[in-house]
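Peer 1: Okay, here's what each chain looks like letter by letter:
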Amino acid sequence: MSTRTLQSLVLNGLLLVLLFIVLMPLLWMMVTAFKQRGQGMNLQVIPSTEVVVELGPTPVPPDDPGERFAPVVFELPDPDRQWSSVTVAGEMNEWNAQASPMRWINGVWTRTFQDLAPGSYQYKFVADGDGWMGDPGNMTDGDPGANSVIEVGDTPTSNIALSEASRIEGDRLLIDLAAPGLSEPLAEVRQPGGEWVPIVLESDGDRWRGELDIADWDLSATHAIARRLRHTISFSEAWSRTYTIDNFRQILTDPDYPFGTFFLNSLVVATGCGLITVILCLLAGYAFAVKRFWGRDAIFWALFASMLIPGLVFVLPQFAIVNALGWRNSYQGMILPHVANVFGLFLMRQYIRTLPGDLFAAARVDGAGEWQVLRTIVIPLSMPIIVTLFLLTFMMQWSNFLWQLIVNSPDSPLRTLPVGLALFRGQHDVDWELMMSGACFSVVPIAILFIVAQRYFIEGLTAGAVKG
Amino acid sequence: MTRVIVQSCICALAAGALVACGGMDLPPRVAEDGAIHLSYWQSYNTEEIRVFDELVARFEAEYAESHPDEPPVVIDSEAVPFDNMDQQISTTAQSGDTPDLVRLDYNKIIMIAYGQVAVPLEEIGNFEALFPDDDMLSLRDRFVGAAYDACLLWRLGERHLYALPEQVTCLALMWNRSLFRARRDAIDAEAQRTGLPLSHERPPRTWEELAALGRALTWEDEGRQRYGFGMRESLWFSLPIHAVHGVEVISQDPETGRLSCNLSSSDRAEVLLARLRDFYLGDESGPGFEGGAWSAGSDRTDRGFENGSYAMVQEGSWQLRRYRDVGLDFGVAPIPCLSDEMAERLGIPPEENIPRTNLGGAGMCVLRTAQLRGVDEQALEFIAWWTSPEIQAEWALALGQIPVTLEAQRMLEDQVDERARAFLELSRSAAPMPRVPNYATLENDIYNTSIQLVYSGDIEPSEALRRIARDVNGEILSLVRER
Chain D
1 MSTRTLQSLV LNGLLLVLLF IVLMPLLWMM VTAFKQRGQG MNLQVIPSTE VVVELGPTPV
61 PPDDPGERFA PVVFELPDPD RQWSSVTVAG EMNEWNAQAS PMRWINGVWT RTFQDLAPGS
121 YQYKFVADGD GWMGDPGNMT DGDPGANSVI EVGDTPTSNI ALSEASRIEG DRLLIDLAAP
181 GLSEPLAEVR QPGGEWVPIV LESDGDRWRG ELDIADWDLS ATHAIARRLR HTISFSEAWS
241 RTYTIDNFRQ ILTDPDYPFG TFFLNSLVVA TGCGLITVIL CLLAGYAFAV KRFWGRDAIF
301 WALFASMLIP GLVFVLPQFA IVNALGWRNS YQGMILPHVA NVFGLFLMRQ YIRTLPGDLF
361 AAARVDGAGE WQVLRTIVIP LSMPIIVTLF LLTFMMQWSN FLWQLIVNSP DSPLRTLPVG
421 LALFRGQHDV DWELMMSGAC FSVVPIAILF IVAQRYFIEG LTAGAVKG
Chain Z
1001 MTRVIVQSCI CALAAGALVA CGGMDLPPRV AEDGAIHLSY WQSYNTEEIR VFDELVARFE
1061 AEYAESHPDE PPVVIDSEAV PFDNMDQQIS TTAQSGDTPD LVRLDYNKII MIAYGQVAVP
1121 LEEIGNFEAL FPDDDMLSLR DRFVGAAYDA CLLWRLGERH LYALPEQVTC LALMWNRSLF
1181 RARRDAIDAE AQRTGLPLSH ERPPRTWEEL AALGRALTWE DEGRQRYGFG MRESLWFSLP
1241 IHAVHGVEVI SQDPETGRLS CNLSSSDRAE VLLARLRDFY LGDESGPGFE GGAWSAGSDR
1301 TDRGFENGSY AMVQEGSWQL RRYRDVGLDF GVAPIPCLSD EMAERLGIPP EENIPRTNLG
1361 GAGMCVLRTA QLRGVDEQAL EFIAWWTSPE IQAEWALALG QIPVTLEAQR MLEDQVDERA
1421 RAFLELSRSA APMPRVPNYA TLENDIYNTS IQLVYSGDIE PSEALRRIAR DVNGEILSLV
1481 RER
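Protein chains in written order, with my numbering: chain D, 1 to 468; chain Z, 1001 to 1483.
Excised from the complex, chain Z in its bound form (with noise of 0.2 Å):
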């Protein structure tokens, strides 16, 4: 309920900004100290704002250096807790003291975008000169393509680039290689009782393997409970699958950029919700294996795996410096995808037969203060340093990240490990994430609630569908219709 009312509220608030932008008392354009001070909003943790203060200070000093007759350019970064960014932004855009840049999760662009509280980028003075061989949709090939494509949104039936990909995260199939020794025997045994070209020796190519090694997975340890499969309730959690499987949440017309939910009649989406629940409560194939690590009071997918509880989890790049401290003998692994008989059943072509996975991560936006201050193309001067191929690969190999441009990515090739490795390329093939403005109100309260009646047996996978839709077409998207 909280949640609702406050999300609810982000988006008058936001609306509120362009009243507020009437009236309000901006900084000047150039301080008493003679530079042009940019305002950046940020959740950083700790070792990456290390990283970020040594970048921005050469990007400072470049600045100075290529515009000698402009005032020099200072980046002053404030930390905003991560989960309230979207607050702290809708509320200071009532009283019109918004930042000049802001790192936004992916899903809370849109909201920004729609309270035009952003600045779409091709709309800067200096968009063309910074960008000189691409317009607005060539731009794209240059990044992890779902990235950018979270940064491009509809708004009044057109088109507009209201942020550049900053980081990018995603999922992979992280598999415990001791867990899939020790259960060799198994393994063997439920390849010769499939028929499957199971191997204690590599992970799962497809979800049917998947099922099958999981069952050979689940077993009692000793008195100690293990799973062969954990996954998290959340709706970002599991595009991986839905991608897979070809289901989108949110469908959206290309032409015109209208949004609508057509779950309820996805033969596609309903195979997927039974799969999922036989996973957890079994089928005639065997006993569940689902750890139920979306269930209160569960292990979560990343904590059993390390302990061991889980012997396959999707998880994110985030966690692999954390398994290996721990000397977690593991491998990753991409998404599976479908048997060529179930692809073939859910009318999906071989060449989209292919593993997929989901989007995380943050765009960099220029907010509508930067504009009123004269400080928007300085703004976008920075964010296309800062997106540029040689900082994202400092960046990323500083960090431990997935860079946001594939020239980054190709450079980064040779130095990173097979996991991380594994994540690149995975990246690539990621799926643009439903575009909605109140994606937590969609994850939370719409899809969370009913995929969970499914995992307990309570509803049939069609009502939960049925739910989802009416929900999602009457509570989230009939507010961008009305726009």
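For reference, chain D alone in the conformation it holds in the complex (with noise of 0.2 Å):
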């Protein structure tokens, strides 16, 4: 192999491992944007047919025999949630429609006793506050509105079929759960300070059975038993489970979210101010470039001085006369303070002060007036730079966050997206899905003003580079 060959191999390894550097954070953020919710920071990108449910622990029997120990599972179906809200009344609880609320959980309203005495108890279900009811699944002599009755005994009992009756009896611990459609699960409890213990379950119905036996286990210290179930998915329902469109749909269609509107906000913001502070700049540039007048130096370098001042400083003034001129909610509001762009004066003075006199001279020979001079040659020359411009400030309102928050009230139609998407950052966590798919959207027009425009952007950036 040549030297030649072997600095090529080099050079393009190099190159590849940049741009696998370069397009980390955007692959990631566009394999987040397809990750179901909860799973973002969860970097396996391959998904897992491994699964592993952690269940409710099992919780131990006080010492005393006498004392029952047996939980009570009140379950009421609503897979459609047609209420927002449940508890269950009874003699348990004394009739306290408020006192033992109801969770929802994967359509079904329930509510766990575990200090019921053996006995016979009357209930009843209380909907959305006052929607007394009976037990539909239990109801006495098939009337809606009489109390239903469960009976309370040694062994774990539920209003329905109990889809989680696992227990400890004496010195075993029993598993017994409802889960069908799964094959071969595997349990595995903890011991008390100590590793997972497997138990193997087997098949009885629809319900999977197991036990063990924990006569040597210390529990004196121990209030529950740690468990989890583990069984493995055919590898279409791992991907189903990992990745969804979900997210695009509901920041397109989620009223909290419109996305839609934020996007259309934010293109009329950048593309307002890139145009305008193009047309000020040529205009301004060009005067300070070509024309003669009093103190135009002095004028152009105290301009130039501002860009000394941090921006942040603007802000309070800038706010202040928006809204003494009642701009708040409004696109003057958003677009006109940023539209007098310093540094774009300064980068158009400098570049059409590179333009050779001459061609200025002979359009004054011509005849041409300052509007044909300007529109001939000027804008012609200066187009790379005239787009550079332009890109450069659209990038800078397209990811303007804190003026579009403040000039916007919270309710109003034209937030943008920067102020959007940090509608997902919460206090402790981030919604890094609905994030990253918000995200996706605002980097589309970015990357299409850079294809289309990407000849003039690299002229214009290298401008003065190469002395010809």
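Worth double-checking, as some hints may not be accurate.
As the list claims (entries may be wrong) - Chain D side only, calculated, beta carbon under 10 Å to chain Z, not exhaustive: (1) Asn42; (2) Gln98; (3) Trp104; (4) Val108; (5) Gln114; (6) Arg228; (7) Gln250; (8) Leu252; (9) Thr253; (10) Asp256; (11) Tyr257; (12) Ala320; (13) Arg328; (14) Ser330; (15) Asp411.
Please keep in mind that the hints were generated in silico from the structure rather than gathered at the bench.
No residue lacks a Cβ here, since even glycine has one placed at the ideal position from N, Cα and C.
From these two lone chains plus the hints, build me the complex, please.
Peer 2: Shown next as structure tokens:
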């Protein structure tokens, strides 16, 4: 292998690594945007087919054998969540409709009591605060308005077939789960302070049952034994459990996060700022570069010096002015404070100064006015820097957060994408999946602009880099 | 610098609210649809919004039923980025279009209280009717104490209730059971060496045990460095260890409400800082074991605990679901207290040497706009309903959070697992957080910068405390005293 080939290989390899490093955040953003909720920070790209489900802990009975300790579970199916809240009231809580709220999990309202003495209990469910009803799955004499009755014995009890009836009986820990559809699940329980111990489960109809001898276990300092369930799923199911397009659907349809509107507003603001900035800076740059007037250089350098002041200092006076003009929650309030861009003026002036003076002289000899000079000479020759300035302004305003936040009230329909994305950042957690879905939208216009205008942009950035 | 400028402007802007209120164009009390619309700014996440919307629909229905002769109430909630809520309020205060209700972080409530943007709740007409058995002080018994204290603020020599607690968070010690088991031999050896009752089966009970366990759990595991402990640099994350050592960053005179920072003369604070420094740098007992979670480029405690870099961290209840979902084998324990010897040395009586934690979360405030519109009573009624035990229990059950009322906590105790229960118990021993108008400046610009210099061994703890006290008294508390 020749030295040149080796050099080429090394260079290409380095380029690939560089490309990978540059594109890595973009790839992460896109992968996260398609992740199921809650899995955004899980860095595993290829989904695992082995699933570990943490089950609720099994309570350890108290030492006193006379004290009953079998959970009683009340369940009320509500797959469509027609009620916003449900409680259970009965003889066990003195018919207090507020004392025992139920929790809606996977289509079922559930409430567990750990300390009911054996006996018979009448009860009712209370939906949405005042909708008293008998238990539809345990009606008395078929009357939906009558009190339902549950008999509590010495084993786990439920008003319907218990989906989870695991318990400790004497020296045995019994696993008893309704887990239809699972193939060869393996239960594990953790010895207090020790290792996870597997329990082989056997199928019994729709249920999986197994047991473990825990006579040697020291349960004196433990209230509950942690458990989990391992099982395997197909790759396609693992894929659908990991990836989804629902995040995009949600941010496009959720009225709390109108990303279509956010996107449109950002486009209007960034484009408007870019266009007006270019026009103002082109005209001012032309005047400062070509025209002669009293105090020209002094004014220019005074403006230039203002660039040394941090931009944040201008926020408060600008806000006061916009507020006094009644421009809050308006496009003019969002756009106009940013169009007087000294950096753009500087860029334009310096560029126009590099244009040959003879061109201007020739135009004047031919009788061209200011407008004609600008239109036929300055604009065509300055196109790379015009495009560059537009792109820079567009990008800056596309990602402008603080101003667009404070100039719009939270109920404003004119909020922009960066403000919308910030809504996914909470006090302690970030909704990465939705945020990245929204961010995918935000890169599209920038990418399109760069692809369309890259020739001008590169010319603009490299203008003056090589002396001809 | 940026934060300083923004934070310094907030108080002035908020104070401008009164001026703006004079000539502002307020929405009518009753809208065209015949209802009273209460605007409510919140920063809930998507899951919280879903539950909130369901509960609010119930409030609106119940209100209409219980007040048949009055216009119905509609809660118009608007999402505001959490980090920028104070900016939004201070800027809209300029134009007079603040909302009627706002959910605000505890450490920011004082800002709108001093800016006179918030209305003292006890001054609202129906306060006594809504809380007939309580006055402003006894109402505290219903809530997590530290949370209520964060809403009960001194202003101009008087105490006022500017919010009711709406959310409570706190920290606990999380420990990785797998790593403890993996280092069983090292833990036994450390127990023999120190004479402390260490075990791989349980978390530390004192900070002395934590230090010994930390050393045993710091090792190189097949080329990967693991640390016994990780701690964030922020003041908020270190408040539990402050509380356990009996250190108050800002002290308040219970009679006058006067605030002061006395850290420079606090022996306890000096011991605490020296201890934290030794956790990182090591001391005569052995090398350091704190993984530098506070330093740039290191794993934060939440990520580091999840990926096994740190065996023990202080983290909040909001991480429980995430750690469960990734299958982490972990336990939740109270923040350790001091050994008897150390407590005696620092003059902390045995009954006060208990696990303590800090307080986070948010309160719900009624703003001046509601008063000017004549809808403050409806706003307070919503707050009272929202903070009632039944609603709090439902909210906490649905979202796995800590209820703000003690009654709701009792209702949930047998409904949550042992880890969540640990947080419920700890929240009740939370210490109030420093009540200063610009907490962010205190935390980011004053406290954290000095503490990092201590951690890195650049300055002594006494010098850091002197700097903190000087800056807090000069830059923050002087603002309060001038008012």
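Peer 1: Now tell me, hint by hint, if it's right for this structure.
Peer 2: Going through the hints against the structure:
1. Asn42: holds (7 Å)
2. Gln98: Holds - the Cβ of Gln98/D comes within 10 Å of chain Z, reaching about 4 Å at its closest.
3. Trp104: holds (7 Å)
4. Val108: Hint violated; Val108/D Cβ to chain Z Cβ min 14 Å, cut 10 Å.
5. Gln114: Constraint on Gln114/D satisfied, holds at 5 Å.
6. Arg228: Holds. Min distance 7 Å.
7. Gln250: holds (8 Å)
8. Leu252: Since the shortest Cβ distance to chain Z is 14 Å, the answer is violated.
9. Thr253: Interface hint status for Thr253/D: violated (13 Å vs cutoff 10 Å).
10. Asp256: At 6 Å from the nearest chain Z Cβ, Asp256/D passes the 10 Å test, so the hint holds.
11. Tyr257: Tyr257/D check passes; min Cβ-Cβ to chain Z is 8 Å, inside 10 Å.
12. Ala320: Nearest chain Z Cβ about 7 Å off; hint holds.
13. Arg328: Arg328/D check passes; min Cβ-Cβ to chain Z is 6 Å, inside 10 Å.
14. Ser330: violated (12 Å)
15. Asp411: holds (5 Å)
This entry does not satisfy hints 4, 8, 9 and 14, going by the numbered hints stated previously.
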